[in-house]
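*Asks:* Quick note, the sequences are listed as chains A and B, same order. For what it's worth, this note's numbering labels the leading residue of the first sequence as 1, then goes sequentially. For what it's worth, this note's numbering labels the leading residue of the second sequence as 115, then goes sequentially.
It should be emphasised that the hints constitute simulated quantities derived from the structure, not laboratory data. Among the hints, erroneous ones may be present.
To be verified - Facing chain B, from chain A, some residues (calculated, C-beta under 7 Å):
| hint | residue |
| --- | --- |
| 1 | Tyr33 |
| 2 | Met41 |
| 3 | Gly42 |
| 4 | Leu43 |
| 5 | Leu45 |
| 6 | Glu102 |
| 7 | Gly106 |
| 8 | Pro107 |
| 9 | Gly108 |
Just so you know, even glycine gets a beta-carbon here, dropped at the ideal spot from N, CA and C.
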Amino acid sequence: NAGVTQTPKFRILKIGQSMTLQCTQDMNHNYMYWYRQDPGMGLKLIYYSVGAGITDKGEVPNGYNVSRSTTEDFPLRLELAAPSQTSVYFCASSRQGPTYYEQYFGPGTRLTVT
Amino acid sequence: SQELEQSPQSLIVQEGKNLTINCTSSKTLYGLYWYKQKYGEGLIFLMMLQKGGEEKSHEKITAKLDEKKQQSSLHITASQPSHAGIYLCGADSGGGADGLTFGKGTHLIIQP
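Given only the sequences and the hints, what does the whole structure look like? Please build it.
*Replies:* Shown next as structure tokens:
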């Protein structure tokens, strides 16, 4: 199993550009998450999904959109990139909710907006 | 909302020495996770604690959740260079499906 994979690993965007961060998991997990990690800070939840077709906002959803058309994929869309979105983005998945099941993390996408 | 405070923020330890990292929550913990992150990489799961008083060990790393379920500690015995990295605690606030709340992390450096 590859686990959780993310593409791209690095990206530089200009202000106002858009892009999609890809996330795929091959563990047949129902729950998927997007976090961002700013320097010196913990991870903050952007969006999460409990299954195909179901998504919900996390703590910092503004400026982002998600979709979940399949169990495996959970892409994160950035519209009109801003410097404040410069961060490292992590995708994670788990079998079920966080109370009993660990989250498996991807390697991250390092995004710079200039 | 739940907040997690980790201490210390950074730690420099001589190889072979023991160390402890703490994670204190502003609310009762329903699930407490410890992850390790190597610089520039993703998070690696270490342990999960759920019950007050619970203690788990993996190789030379031991984690405990106190009886009141508002604080956890991570103890490393006889530290090695491979232990270097960022240690993050993450908590489930009991809210259901949404993700974990994380502390800011503890940077651990092992000096040879």
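*Asks:* Please go over all the hints and tell whether each is borne out by the structure.
*Replies:* Going down the list of hints, with the structure as the test:
| no. | hint | in the structure |
| --- | --- | --- |
| 1 | Tyr33 | holds, 5 Å |
| 2 | Met41 | holds, 6 Å |
| 3 | Gly42 | holds, 3 Å |
| 4 | Leu43 | holds, 4 Å |
| 5 | Leu45 | holds, 4 Å |
| 6 | Glu102 | holds, 5 Å |
| 7 | Gly106 | holds, 6 Å |
| 8 | Pro107 | holds, 4 Å |
| 9 | Gly108 | holds, 5 Å |
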